[in-house]
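Visitor: Sequence:
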Amino acid sequence: MSIDKFNSESYYDPTAYEALSAIEKEEKALRAFRPIVYICSPFSGDVEGNVKAAQRYSRFAVDKCFIPIAPHLLFPQFLNDDIPAERQLGLFFGNALMSKCTEVWVFGSTISAGMSAEIKRAKWKNYRLRYFTENCEEV
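For the sequence shown, the UniProt record's numbering begins at 1 and goes up steadily by one.
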């Protein structure tokens, strides 16, 4: 612990020690808690460019002290987006993950069909929606 039980004059000072220790403990707890956010951005079309953008958006969330969930970065690793049944399965999995998030962050000026479905669900479930530009500026 970085808090000393003795004051600057080397006298034992339990009151100040307890107060400063409580403050330090609270600050550590705040740093340890990170809410989970759902990253909503395009995937289909320019897949390579959209994946890089989603990675950038996820990093932005981390830098803002959030835990990002970007299903379109995870599920295409083992589901084929070109097969309609697997695409629907991926969207279903994403909806399940969205229910664990405190907010849904929508990135970019283009709203794809998948994003539209995610936004509609977020509104229906009354989740907090936040909109950002491609440059991660909130609008």
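Hints were generated in silico from the structure; no laboratory data involved. Incorrect hints may have been included.
Computed list of lysine-lysine pairs in DSS-like fashion (alpha-carbon distance at most 30 Å, straight line) [said to hold, decoys possible]: (1) K25 / K64; (2) K100 / K120; (3) K64 / K100; (4) K5 / K52; (5) K100 / K25; (6) K120 / K64; (7) K52 / K123.
Visitor: Hint by hint, note whether the structure agrees.
Guide: A quick look at each hint next to the structure:
Only pairs whose Cα atoms come within 30 Å are accepted, and K25 paired with K64 is accepted, the gap being roughly 21 Å. Among the hinted pairs, K100 with K120 is consistent with the structure: their alpha-carbon atoms are about 17 Å apart, no more than 30 Å. Restraint check for K64 and K100: the C-alpha separation of about 18 Å stays at or below 30 Å, so the hint holds. Taking the CA atoms of K5 and K52, the gap is about 50 Å. The hint is violated against a cut of 30 Å.
Taking the CA atoms of K100 and K25, the gap is about 27 Å. The hint holds against a cut of 30 Å. A C-alpha spacing of about 25 Å is found between K120 and K64, which places the hinted pair at or below 30 Å, so the restraint holds. As the CA atoms of K52 and K123 are separated by approximately 27 Å, the hinted pair is consistent with the 30 Å bound.
Hint violations for this structure: number 4 only, all remaining hints satisfied.
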